[in-house]
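**Q** Given next are the chains, with one letter for each unit.
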Amino acid sequence: MDSTAQSMTGDRIACRATGVRANAAGACIALLRRDFVLAWRRRGELFLPLLYAVIVTALFPFALGPDPELLARIAGGVLLVIVVLAMLPALESMFRADLDDGTLEQWLLAPQPLALLALTRVIAHWLTTVLPLIIVMPLLGALMNLPVKVLPVLIVTLLLATPLLVLLGAVLSALAAGARRSGILLALMLLPLAVPVVIFAAGAIAGAQSGMPYIAPLTWLAAALVMAIVLAPLACAAALRIAVES
Amino acid sequence: MTTPPAPAAPLLSAHRLAFSRNDEPVFGPLDFSLGSGETVLVEGDNGSGKTTLLRVLAGMLPPGTGEIHFHGEPASRDSRNGRVLWLGHRAGMNEALSARENLGFLAGLYGARGGMTAATAMERVGIAAWIDEPVRTLSAGQKKRAGLARLLLLQGDIWLLDEPYANLDRRGIGLVNALIAEHCASGGGALVTSHGAVRFADPRARHIRLDA
Chain A
1 MDSTAQSMTG
11 DRIACRATGV
21 RANAAGACIA
31 LLRRDFVLAW
41 RRRGELFLPL
51 LYAVIVTALF
61 PFALGPDPEL
71 LARIAGGVLL
81 VIVVLAMLPA
91 LESMFRADLD
101 DGTLEQWLLA
111 PQPLALLALT
121 RVIAHWLTTV
131 LPLIIVMPLL
141 GALMNLPVKV
151 LPVLIVTLLL
161 ATPLLVLLGA
171 VLSALAAGAR
181 RSGILLALML
191 LPLAVPVVIF
201 AAGAIAGAQS
211 GMPYIAPLTW
221 LAAALVMAIV
231 LAPLACAAAL
241 RIAVES
Chain B
1 MTTPPAPAAP
11 LLSAHRLAFS
21 RNDEPVFGPL
31 DFSLGSGETV
41 LVEGDNGSGK
51 TTLLRVLAGM
61 LPPGTGEIHF
71 HGEPASRDSR
81 NGRVLWLGHR
91 AGMNEALSAR
101 ENLGFLAGLY
111 GARGGMTAAT
121 AMERVGIAAW
131 IDEPVRTLSA
141 GQKKRAGLAR
151 LLLLQGDIWL
161 LDEPYANLDR
171 RGIGLVNALI
181 AEHCASGGGA
191 LVTSHGAVRF
201 ADPRARHIRL
211 DA
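Chains as they are written, first to last, in this note's numbering: chain A, 1 to 246; chain B, 1 to 212.
If you're looking for bench data, these hints aren't it; they were derived computationally from the structure.
For every residue, glycine included, the Cβ atom is placed at its ideal position computed from N, Cα and C.
Examples of chain B residues lying across from chain A (beta carbon under 7 Å, computed):
id	residue
1	ASN81
2	GLY82
3	TRP86
4	GLY88
5	GLY92
6	ALA96
7	GLU101
8	PHE105
9	LEU106
10	GLY108
11	TYR110
12	GLY111
Looking at chain B on its own, in the form it has when it is part of the complex:
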């Protein structure tokens, strides 16, 4: 090969992306990209469409207009699945099963990161003692931490985090920032929504402002 390698395509890019519900525009049109090692913060008031934007990117809602690309490929199940990890308002864990059982099942679906087990991930987020308790008995903040353990355990380089700071105490907020920083340092990228009450750690993080 004599030609120099082309610059790698961004992990995720959106072009003229807009979404409408019942002909009411929810957000957009937006243009942005998420490169390797980058964090993009989506800010806006309640009801400004932050969650909707993330759901559209995750393929859980069809985009109204515009294009989404993953690694330079048009968004499809093949280009998205296995690369995107989603942390939403709901924990994604069965309440009757323990965190270990839930994480073990999801690791079977997604594949686990090298050197990571459910136990090490739960230890990293500070709730190792609750690993065998039914998720039902965990507090809202602990459930959120269990969701963070899922991000640590599963394979996927694009993190779509919807209000990851909700229900967390001060140290939990620091933990989220540390995990995002580590993830970006290892070549991943994160798109994070916030209603603006929490200061974001990474000063280089780019912002997308949504207005209701």
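Extracted from the complex, chain A is given alone in its bound form:
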């Protein structure tokens, strides 16, 4: 009896709300489009990490002296660390603006899974702030005299390691979103989580550089990435709910 009444109420709502129904795919596309438009409006800010990476890479040969062999030996690890450092500042603001202007409140009440929205935000963030760093990798590799045969391995490593770092960073960013000046906090929290990622990534690059097999560390990275894609958005959603509550 009770369920009949409820289904009738439901039918009446469905009849009245003859508008454009929202579905999860449409919501993700709307969020992606919004984040891309926003990124384009702030393209000057997005350019900074890129500039940082290029400048730091260009300084290394000057600081270490023009020894091509030394540069080639350390190039992979140096570029890896530069990419990690260049992507760190942007992680902090992943949810900050949305919390401050009340958009997150709207996310919470939307008939969409919050974890899915969080994952979409991670994808948009990676595409707009990290992918450009990977695209300029051939240039940075040339500056560091990176052996040509190592470059593809470095790029594949980064394609696996950076989304993993952004997913970890998103959880921490959501946790720290409520705190003022959370930049240092985020860096300190991310460091221990980033270490294993960097170790496996460096393992793959070192393997490629010395002609050893490098598939094993790459598959470890891929496995961790798959796990993070499933778990991190859930943790992120929980953290965002806490951020809105406080």
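Here the structure of chain A is known, so what remains is to put chain B in place on it, guided by the hints.
**A** Then chain B, alone, in the frame of chain A:
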């Protein structure tokens, strides 16, 4: 079916609802319901817990004690989300994007009402000329109106409006009352907070009085 249909469950009902922060009671226990076509006005002084009550109902704060039901179902994300529209102190719009872009994004999340677009909603609230300006350039009152345009555009039959009259001029206040009346006439319901300075249009509106 031979049995007559049961009376429809209210859009929103609260039973013995109370909230405490650090063991200090903020409000309650309260008993009230919001039926289809009804407006409930939450009155109280500053700090009496009006906003907190609305945030608890919207699921942004966990209720201390008591129960909340949406359409007769216990409050949960599934029973709440997609039915509740929230208008708070913050506009819920990114300052660097235009109202059209913000509304378009939110329509993607919530779904748009039939026959409504961002443009028609902005026209109804009287700021159609600012639809492509960055929200940052809008005045506080215009931002509030953009928030009203969001209520018009998005699907959801329970409106939780926290101080919708703030920052609005006399005509804006009339607009809020007209929008609430239209919403209720089409079967929705609205819970509206006010600190009492504004006279509410609908004389039949029920009142909840919160005391600090």
